[in-house]
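Asks: One letter stands for each residue in the lines below.
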Amino acid sequence: MQDTIIRISHLVYQRGAKTILNDVSMDIKRGSIVAIMGPSGVGKTTILRLISGQLHPNQGSIEVNGQMISELSHRELYKSRENIGVLLQNGALFTDLTVFENIAAPLREHTKLSEQEISERVTAKLKSVGLANTGDLMPQSLSGGMARRVALARAVIMNPKIVLFDEPMTGLDPIAMSTVSRLIRTTNDELGLTSVIVTHNVAQMKKLVDHCFILADAKLIAEGAPEDLMKSDDPAVSQFMNGRVEGPLSFERLAS
Amino acid sequence: MSDESRNGSGMLAPVREAGHCGLFLLQMLAGIRLERTLFISVLQQIYLIGARSLVIIMICGFFVGMVLSLQAINALQIFGASDQVSLLVGKTLFRELGPVLTALLFAGRAGTSIAAELGLMKATSQIEAMQLMAIDPVKRIALPRFLAGLISMPLLAAMFSAFAILGAVIFSIGVMGLDPGIFWSKLQSSIQFQEDFLGGVWKSVVFGGIVSLIAVYYGYYAKPTGEGVGTATTQTVVLSSVLVLIFDFIMTSFLI
Chain A
0 MQDTIIRISH LVYQRGAKTI LNDVSMDIKR GSIVAIMGPS GVGKTTILRL
50 ISGQLHPNQG SIEVNGQMIS ELSHRELYKS RENIGVLLQN GALFTDLTVF
100 ENIAAPLREH TKLSEQEISE RVTAKLKSVG LANTGDLMPQ SLSGGMARRV
150 ALARAVIMNP KIVLFDEPMT GLDPIAMSTV SRLIRTTNDE LGLTSVIVTH
200 NVAQMKKLVD HCFILADAKL IAEGAPEDLM KSDDPAVSQF MNGRVEGPLS
250 FERLAS
Chain B
0 MSDESRNGSG MLAPVREAGH CGLFLLQMLA GIRLERTLFI SVLQQIYLIG
50 ARSLVIIMIC GFFVGMVLSL QAINALQIFG ASDQVSLLVG KTLFRELGPV
100 LTALLFAGRA GTSIAAELGL MKATSQIEAM QLMAIDPVKR IALPRFLAGL
150 ISMPLLAAMF SAFAILGAVI FSIGVMGLDP GIFWSKLQSS IQFQEDFLGG
200 VWKSVVFGGI VSLIAVYYGY YAKPTGEGVG TATTQTVVLS SVLVLIFDFI
250 MTSFLI
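If you read the sequences in order, they're chains A and B. Letter by letter, the first sequence follows residues 0 to 255 of numbering that gives the first Met the number 0. Letter by letter, the second sequence follows residues 0 to 255 of numbering that gives the first Met the number 0.
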């Protein structure tokens, strides 16, 4: 039986007077790929920021890899992040460094590997994402899909236990989307990672993830395997998964 | 230090801002380690913000020297003392105009570029990505730029003064027909190494620190929007120019 690597219990997060997340609980199993889905502005990225310790919950707890994230000191939090890889929405590659140096940055910061070892590791990662021989390029000269693959290589260069993806498919063409999607699956399985993907791309997630959490109205309204959620009788879940305009999740309500 | 904690209101806001800027400086200085990566980053930044400012510094220095000697000869001729032009030009340049004008040009050329670059890094989530990879962004991106500014400024001020003297030589000797022997001997005998030359060097080190600190601080804390980046660059030029002139008076009153 799989054990839980991320446990979110009765999480409440407020921004000013507005409650973004209200009594949200999730258990994420080790080795799985899970998606946190929901309409825009529902607080999906906020959950990622809470898991990575960038934000602190008002109530409830978040346990990541056996550590209560909100109780860690600044130094302990930084140390814990060595076990977490993150791929942000636009890749967030460092524009003043080459592709090679982007991927090598975490190794240079956290390890005492020799230049030879760093070079070998970075080259192997670049090869694994299908971008061998691009090490000397600057991020500005990469396409969106290539940048996302470089960001994936950087996210897993430290062999983390968990990788968090914030909208990894946004702005990609269908081929690039499938390529990134396949890479997430192969990387997750080969390295024994746990991948948490924040997205609203239902079509891609149906093919990729093992488990889905759906947020709406600041709450977790459903969870389960994608194929089960597609058949859900819950009107809000069914509306979101099938992309229908009519239903309880009205655009005006979401905007408010 | 969070962005929110910098907010203040009324009379206290500038004091709070100055306090945060001071803490930011301490945070940077605490990150200084004798590491190869820092050395390479500082060298790169000296090239980017120092060497690339050379042409504008040399052109401006040359014409400042020309106009200074034109005005000096014009005024000194009244008293029949036009052969004293090199004394006046030399003292003015080494003590005041060299460090001050270089600092103002540096604020416009390199300060704005540092603030805009850091602001853009923030807007494209690069700073957030560093924090999530447990890389200290203050140490990784702010510190090398600050140190490079500190080192570059005295060198640029020296180049400014050298080209200003060249401009003065060409105008005074080449155009106005002053005796070269008198020009150089007056310059050599009137410029004191300790009072004039070193005084100017100290000023330019302080000005380099001021301009670089303001640039990295406002760039680092820029709002992650186009408008925020624009505001950061404007604030950098305005505030660093004002502070350079204020500190020039304070330092001159101690050095004189």
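Worth double-checking, as some hints may not be accurate.
[Claimed, not checked] Covered stretches of chain A, as calculated for chain B (at least 3 residues, CB under 8 Å):
| # | stretch |
| --- | --- |
| 1 | 53-59 |
| 2 | 74-83 |
| 3 | 101-114 |
I should point out that these hints are in silico values taken from the structure, not numbers from a laboratory. We put the beta carbon where it would ideally sit given N, CA and C, even for glycine.
Asks: Cut-off 8 Å, C-beta pairs, minimum 3 residues; does the coverage of the stretch 101-114 of chain A by chain B stand?
Replies: With 5 residues close enough to chain B, the hint holds.
Asks: Examine the stretch 74-83 of chain A for residues whose CB is less than 8 Å from any CB of chain B, and state whether their number is three or more.
Replies: This one holds; 5 residues, not fewer than the three required, reach chain B with a Cβ under 8 Å.
Asks: When I compare C-beta atoms, does the stretch 53-59 of chain A have three or more residues closer than 8 Å to chain B?
Replies: violated (count 1)
Hint check: a violation occurs at hint 1 only; the rest are consistent with the structure.
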